[in-house]
Amino acid sequence: TEARLLTDRLGDAVAIADLFRPYGIRVHLSVSFAAPIRLAGLATADPLDPHVRAWWSTVAEHVYAAIPDFGGFVVKADSEGQPGPFQYGRSHADGANMLADALAPTRWCGALAGLRLQPPPGLAGPFDRPGPCGDGSLRPSRRPVRDNVIIQVKYG
607 TEARLLTDRL
617 GDAVAIADLF
627 RPYGIRVHLS
637 VSFAAPIRLA
647 GLATADPLDP
657 HVRAWWSTVA
667 EHVYAAIPDF
677 GGFVVKADSE
687 GQPGPFQYGR
697 SHADGANMLA
707 DALAPTRWCG
717 ALAGLRLQPP
727 PGLAGPFDRP
737 GPCGDGSLRP
747 SRRPVRDNVI
757 IQVKYG
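In terms of the working numbering, the sequence shown opens at residue 607 and continues consecutively.
By construction, these hints were calculated from the structure, which means they are not laboratory data. There could be a bad hint or two in this list.
Between beta-carbon pairs, the in silico distance windows are [stated by the list, open to error]:
{"#": "1", "residue 1": "Asp614", "residue 2": "Asp675", "range": "32 to 42 Å"}
{"#": "2", "residue 1": "Gly695", "residue 2": "Gly617", "range": "21 to 31 Å"}
{"#": "3", "residue 1": "Pro674", "residue 2": "Gly695", "range": "14 to 24 Å"}
{"#": "4", "residue 1": "Pro628", "residue 2": "Gly687", "range": "17 to 27 Å"}
{"#": "5", "residue 1": "Pro628", "residue 2": "Glu686", "range": "33 to 43 Å"}
{"#": "6", "residue 1": "Pro750", "residue 2": "Asp618", "range": "30 to 40 Å"}
We put the CB at the ideal spot given by N, CA and C, even for glycine.
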């Protein structure tokens, strides 16, 4: 249902933004990494797929038109049963940069939040506690993240 805040429930986010604006607080939305599948019927949410990237860009423009001072997106990825870039053999940097590129024209920021409880495909290691926990999924990337996005590991 949180993904619907990008479409038919966007009016709810606008109302919240209107309430907080006088206090200098910008609203951010937590949305599903799988929103392109759930809302647009795309076959994938692969962050390197051009159709997925175009969908996120269109959504960002749509939200920006409704909430010009919108803060950006927070996306939980590859944790607690939620989909993410690892599902497509991609890195957190790939997922974060997809959001960054979609948000770049608006100068918003995005955050890709992860909690490593399951191993990424093809990687073995201890996964019984949150955080990097030696699984290698948050090792330095050859593809650094853009300036308008962060990767945040959930602390607990």
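Hint-by-hint comparison with the structure:
no.	hint	verdict
1	Asp614 <-> Asp675: 32 to 42 Å	22 Å, violated
2	Gly695 <-> Gly617: 21 to 31 Å	37 Å, violated
3	Pro674 <-> Gly695: 14 to 24 Å	36 Å, violated
4	Pro628 <-> Gly687: 17 to 27 Å	38 Å, violated
5	Pro628 <-> Glu686: 33 to 43 Å	35 Å, holds
6	Pro750 <-> Asp618: 30 to 40 Å	35 Å, holds
In terms of the numbered hints stated before, the structure departs from hints 1, 2, 3 and 4, listed from lowest to highest.
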